[in-house]
Amino acid sequence: MRALAALLLLLSGMAQAVTQEQVMAGAVKLYNKQLADLRASYRLDDNQRFSERVAAIAGPLIEQAKRDYPESAAWAWELHTTSDPEENASAMAGGKLLVGSAYVDRLELNDAEIAMMLAHEICHAVLLHNLREHEEAIRLEPQWATRPYEELEYATDHDFSLMRKLASFNSLQEEESDREGMRLAARAGWKPSALARFFRKLERHSYSPNFGSIYHPAPAQRARAARELAAQLEAGR
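Following our numbering, the numbering of the sequence shown begins with 8 at its first residue and continues without gaps.
Among the hints, erroneous ones may be present.
As the list claims (entries may be wrong) - Estimated spans, in silico, between C-beta atoms of each pair:
no.	residue 1	residue 2	range
1	P149	G243	44 to 54 Å
2	Q55	Y222	41 to 51 Å
3	A83	A63	17 to 27 Å
4	D52	N217	16 to 26 Å
5	G243	Y222	31 to 41 Å
Said to hold, decoys possible - DSSO-like, lysine-lysine: derived pairs with alpha carbons at most 30 Å apart:
no.	residue 1	residue 2
6	K198	K36
7	K198	K73
8	K73	K208
9	K198	K172
10	K172	K40
11	K40	K73
12	K198	K208
13	K36	K73
Think of the hints as simulated: they come from the structure by calculation, not from any bench.
Backbone N, C-alpha and C fix where the C-beta goes; we use that ideal spot for every residue, glycine too.
Let's have the full structure, built from the sequences with the hints guiding it.
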């Protein structure tokens, strides 16, 4: 019985091994380094017109997120843009957003499609997906509970063995951000069918639209789900 009690205590401690505060603090460090690197290469917020366009679209979405997810109202939200051709769109814990102008140009995104892209990223943040990913990593490989958080943070993005184990979990998180992102953007005033066209462009620009990756479900699958959800939302269901 003592051994069982000790095991239960250990498992209970593991469940608390990662906190949202840790994840957000780690995200600030990573985000600031990313911004510093882009600034050093003169690629941070280097297109004023694009930055203003993205900010105008993002502002109401972030305000909607604060209403829908009250915890996020206290966050220090940040939004930056870059001309770095390697950057698509990303969100870190605590509302740290980065959008690549080359990516938007390549997909020829209109404002509604940018809104969908941003809402998807915003939902990664407000749904605490980084925290959930780290908790899942500890569930899959319990030894991470006894190691420094920074090592776990690094491993979830660089340890291919762990990343493969997390792939199906992360695909579910991507699907959740697709769904909840569209709902959030619709509540902010965007027409769902216009939002859904973002996923059609993802599908059209993919080299393998019917195949998923370690990071995302298949683009064709995402586009189909988006069309179905848009139809439901516009029908009031």
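Right, here's what the structure says about each hint:
no.	hint	verdict
1	P149 x G243: 44 to 54 Å	holds, 46 Å
2	Q55 x Y222: 41 to 51 Å	violated, 31 Å
3	A83 x A63: 17 to 27 Å	holds, 20 Å
4	D52 x N217: 16 to 26 Å	violated, 37 Å
5	G243 x Y222: 31 to 41 Å	holds, 33 Å
6	K198 x K36	violated, 36 Å
7	K198 x K73	holds, 20 Å
8	K73 x K208	holds, 28 Å
9	K198 x K172	violated, 36 Å
10	K172 x K40	holds, 28 Å
11	K40 x K73	holds, 26 Å
12	K198 x K208	holds, 17 Å
13	K36 x K73	holds, 23 Å
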